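**Q** Each chain is listed here by its residues.
There are 2 protein chains.
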Amino acid sequence: MHDSSRVLERLHELAQLGRYEAGIDRALATPAERAARDRFAAWARAGGRTLTQDRVGNLFARRAGSDPGAPAILVGSHLDTVKTGGAYDGAYGVVGALCALETLDARKIATLHPLDAVAWVGEEGSRFPLGCLGSAVFAGLTGVDEALALVDDAGIALGDALADAEGGLLRGLPQREPEPLAAYVELHVEQGPIMERAGMRLGIVTAIAGQRRFRVVASGTSGHAGTVPMSIRADALAAAAEIVLALEKAALEREAVVTVGRLVVEPGATNVIPARVTFSVDMRSPDDAVLDALERVLDEETREVGARRDVRFSRVPLERRAATPMNRDLREAIRRGAASTGERTMDVPSGAGHDAMCVAAVAPAAMLFVPSIGGASHVGEERTADDDLELGVEALAAALVEIDRMLGGAERG
Amino acid sequence: MHDSSRVLERLHELAQLGRYEAGIDRALATPAERAARDRFAAWARAGGRTLTQDRVGNLFARRAGSDPGAPAILVGSHLDTVKTGGAYDGAYGVVGALCALETLDARKIATLHPLDAVAWVGEEGSRFPLGCLGSAVFAGLTGVDEALALVDDAGIALGDALADAEGGLLRGLPQREPEPLAAYVELHVEQGPIMERAGMRLGIVTAIAGQRRFRVVASGTSGHAGTVPMSIRADALAAAAEIVLALEKAALEREAVVTVGRLVVEPGATNVIPARVTFSVDMRSPDDAVLDALERVLDEETREVGARRDVRFSRVPLERRAATPMNRDLREAIRRGAASTGERTMDVPSGAGHDAMCVAAVAPAAMLFVPSIGGASHVGEERTADDDLELGVEALAAALVEIDRMLGGAERG
Numbered sequence: 127m128h129d130s131s132r133v134l135e136r137l138h139e140l141a142q143l144g145r146y147e148a149g150i151d152r153a154l155a156t157p158a159e160r161a162a163r164d165r166f167a168a169w170a171r172a173g174g175r176t177l178t179q180d181r182v183g184n185l186f187a188r189r190a191g192s193d194p195g196a197p198a199i200l201v202g203s204h205l206d207t208v209k210t211g212g213a214y215d216g217a218y219g220v221v222g223a224l225c226a227l228e229t230l231d232a233r234k235i236a237t238l239h240p241l242d243a244v245a246w247v248g249e250e251g252s253r254f255p256l257g258c259l260g261s262a263v264f265a266g267l268t269g270v271d272e273a274l275a276l277v278d279d280a281g282i283a284l285g286d287a288l289a290d291a292e293g294g295l296l297r298g299l300p301q302r303e304p305e306p307l308a309a310y311v312e313l314h315v316e317q318g319p320i321m322e323r324a325g326m327r328l329g330i331v332t333a334i335a336g337q338r339r340f341r342v343v344a345s346g347t348s349g350h351a352g353t354v355p356m357s358i359r360a361d362a363l364a365a366a367a368e369i370v371l372a373l374e375k376a377a378l379e380r381e382a383v384v385t386v387g388r389l390v391v392e393p394g395a396t397n398v399i400p401a402r403v404t405f406s407v408d409m410r411s412p413d414d415a416v417l418d419a420l421e422r423v424l425d426e427e428t429r430e431v432g433a434r435r436d437v438r439f440s441r442v443p444l445e446r447r448a449a450t451p452m453n454r455d456l457r458e459a460i461r462r463g464a465a466s467t468g469e470r471t472m473d474v475p476s477g478a479g480h481d482a483m484c485v486a487a488v489a490p491a492a493m494l495f496v497p498s499i500g501g502a503s504h505v506g507e508e509r510t511a512d513d514d515l516e517l518g519v520e521a522l523a524a525a526l527v528e529i530d531r532m533l534g535g536a537e538r539g
Numbered sequence: 127m128h129d130s131s132r133v134l135e136r137l138h139e140l141a142q143l144g145r146y147e148a149g150i151d152r153a154l155a156t157p158a159e160r161a162a163r164d165r166f167a168a169w170a171r172a173g174g175r176t177l178t179q180d181r182v183g184n185l186f187a188r189r190a191g192s193d194p195g196a197p198a199i200l201v202g203s204h205l206d207t208v209k210t211g212g213a214y215d216g217a218y219g220v221v222g223a224l225c226a227l228e229t230l231d232a233r234k235i236a237t238l239h240p241l242d243a244v245a246w247v248g249e250e251g252s253r254f255p256l257g258c259l260g261s262a263v264f265a266g267l268t269g270v271d272e273a274l275a276l277v278d279d280a281g282i283a284l285g286d287a288l289a290d291a292e293g294g295l296l297r298g299l300p301q302r303e304p305e306p307l308a309a310y311v312e313l314h315v316e317q318g319p320i321m322e323r324a325g326m327r328l329g330i331v332t333a334i335a336g337q338r339r340f341r342v343v344a345s346g347t348s349g350h351a352g353t354v355p356m357s358i359r360a361d362a363l364a365a366a367a368e369i370v371l372a373l374e375k376a377a378l379e380r381e382a383v384v385t386v387g388r389l390v391v392e393p394g395a396t397n398v399i400p401a402r403v404t405f406s407v408d409m410r411s412p413d414d415a416v417l418d419a420l421e422r423v424l425d426e427e428t429r430e431v432g433a434r435r436d437v438r439f440s441r442v443p444l445e446r447r448a449a450t451p452m453n454r455d456l457r458e459a460i461r462r463g464a465a466s467t468g469e470r471t472m473d474v475p476s477g478a479g480h481d482a483m484c485v486a487a488v489a490p491a492a493m494l495f496v497p498s499i500g501g502a503s504h505v506g507e508e509r510t511a512d513d514d515l516e517l518g519v520e521a522l523a524a525a526l527v528e529i530d531r532m533l534g535g536a537e538r539g
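Protein chains in written order, with my numbering: chain A, 127 to 539; chain B, 127 to 539.
Next comes chain A alone, as it looks inside the complex (with noise of 0.2 Å):
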């Protein structure tokens, strides 16, 4: 079989796990999410890798380097879905990852440093409460017991469900001990639209955006839609549509998104003024100088509109995520080994959140996109067209050879 072919080949084998008409349901610690795991180590060990796990569940494949002593370069995504998710989110890069190595087998091309194919576990916090539970774990930004010890919604510990025969950690398996790292690097559908509009077939990451997540509320003063004169209202709804458009306007004109998803009307009556609105308000950008003016416009927007309405704003920070640069050097490496397959390349932020948001915090981490067709993402129609996904695997392969010249270089230079 042509390694290229053999990618698509693994998706749609896991495609298969957790499929439901809705799209995929792989949530960590569940039968499914189990075989996807099982899948990962019965192609790791038939490439003839080496496979270790840790307390959580993460899984590592490591093709060893020539040099004995050089840290591993990890290379990898996640294996989990949301509950409607598709079949590349997380599971591409988990196969690619695999089959980039077996690229380089292939090709008979050593590096120095080991190179640990790795399949993260729980990125979606579809069932326990945290996102990006393995790789946080992996980094120490969430202790294991911790994490062991999140419920799910039916009253499941982590630590249980992983001790469970039919969803638990891999048998027999070598624990995986704490070592330095040399790099992290993650091939990923880009779940946007930019690179489809832009034609562009594969995207250096710049930075995964910073989010911050507030519930706004608005309180006016409800009264009889038909003889409460125009002039005296104070319809909670008016300024909350007020705040909406600032915010959009705001992003706009800078490097960011900002959403309005969720608004809910109270007393919610045709013939009732608006008393109170509740509102979420998502924002997010590559910069956090960005993220803090943004909050700034809502700030003295609602100040503004609040007295000039006699509204009353108030509001709840939900989640506050620092925007995470990629590494410079890495991401030339990849625009290196990206240029090699002859394809051009953008550079181009990441909105979602990813697990090299974590590694980011023990290792120099970075990212390769293709595209999204239709920029889906987290539905089960999310595709990407096969020749992309093929070209993403070769450009990581020939990515971890630059990362691994690049770094050899540095450390021996």
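Worth flagging that the hints you see were computed from the coordinates, not collected in a lab. All of these numbers come straight from a predicted model, not from anything done at the bench. Take these hints with a grain of salt, some might be off.
Copies of one chain are not kept apart here, so a pair can be met inside one copy or by any two copies together.
[As the list claims (entries may be wrong)] Once the Cα atoms are required to be at most 20 Å apart in a straight line, the calculated EDC-like pairs of lysine to aspartate or glutamate come out as: (1) Lys-234 / Glu-528; (2) Lys-375 / Asp-436; (3) Lys-209 / Glu-392; (4) Lys-209 / Asp-414; (5) Lys-375 / Glu-147; (6) Lys-234 / Asp-455; (7) Lys-375 / Glu-427; (8) Lys-375 / Asp-180; (9) Lys-375 / Glu-292; (10) Lys-375 / Glu-430.
Using the hints provided, position chain B relative to the given structure of chain A.
**A** Below, chain B without anything else, positioned relative to chain A:
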């Protein structure tokens, strides 16, 4: 007992019927509402009135006129409430009519025309799905059999409910026969803040607002809140927000009120761009031409915003009610009567609907308002100052004399 305090006593007595923690719930043909009609009949009989009843339960209490051939002047309102009603909406106009007739008795003032205090049934439409039910049937706008066939949420037909001993028609009353009408006058609480803010205690209604209601759907394109750039979004909520503000602006520039009281965002998740927003539009104006203009604004704005944002708008008309101007001669007669109390009057539109809308189809009609404290309406806490309630009855009695004089002169002059 002094006449003026009688109105307070009687309102207090009615307020016990259907009372619960959130206000008063006195829906048509329930035991509480039947009890209110019983009270009306008892008070009317005690005052020497002749009672009649029609097939849907409207009650008429006649004070005879001195001209046996003269058509009757009707004066009244309704006894039912919304589910969270207060003590004054409707009840005040019914009790006020009885009290005004008694004021004329006490002052030994004869009128040429018979004066019929009327208690309309089912104005609020809170049980059977038709507002102004009793007055619509009376005016021939709704067939009596059609009305009796209406069913409530429990599947009970109005005809059966009115045949029931607990909530049905009063027993042993003669049937009201169709006859010519001279005029209709309705005393009511304003249900809005205009008079209170103007410091005025008596309002002459210029017109009952026409009303148009729509359900509007904005269909945009969903997507990941982190990965779709602002510049290519088709956010249904941002589009709807523009319409909310455009309608508000259009209403502020005209003699109208426009309310978006209901707005639902789908899918409604913090991290998903809104795909679809469904919202209500409630437009009211005493001038149908203004409603036409507002509908054109809705049309133009949805077209412009929809094209600019690539969001598809559709709308369904839910309700359309023409404005009902009040009779000019009656308004002037009421103004003269009201002036005799020493209080000034102001012209005021009625944003809410009233039985006078229906009766206006078969007789000259007009309305007299007293202020609502804080403009509160359709809530248990609706209040009008005792002094204002008493003043309204006094002004109504004087207005009836003026109307009788005016009509008598016109008919015989």
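**Q** Run every hint past the structure and note whether it holds.
**A** The hints, checked one at a time:
1. Lys-234 / Glu-528: within (15 Å within a copy, 110 Å between copies)
2. Lys-375 / Asp-436: between (23 Å within a copy, 17 Å between copies)
3. Lys-209 / Glu-392: Answer is between: at 18 Å across copies they meet the 20 Å cutoff, but 30 Å inside does not.
4. Lys-209 / Asp-414: For Lys-209 and Asp-414, neither the intra-copy (30 Å) nor the inter-copy (51 Å) Cα distance is at most 20 Å.
5. Lys-375 / Glu-147: Close neither inside one copy (38 Å) nor across copies (46 Å); limit 20 Å.
6. Lys-234 / Asp-455: Classified as neither: same-chain Cα gap 25 Å, cross-chain 104 Å, threshold 20 Å.
7. Lys-375 / Glu-427: both (12 Å within a copy, 19 Å between copies)
8. Lys-375 / Asp-180: Neither way: Lys-375 and Asp-180 sit 46 Å apart in one copy and 61 Å across, limit 20 Å.
9. Lys-375 / Glu-292: The answer is neither: 50 Å in one copy and 61 Å across copies each exceed 20 Å.
10. Lys-375 / Glu-430: Answer is both: 16 Å inside a copy and 18 Å across each meet the 20 Å cutoff.
Hint violations for this structure: numbers 4, 5, 6, 8, 9, all remaining hints satisfied.
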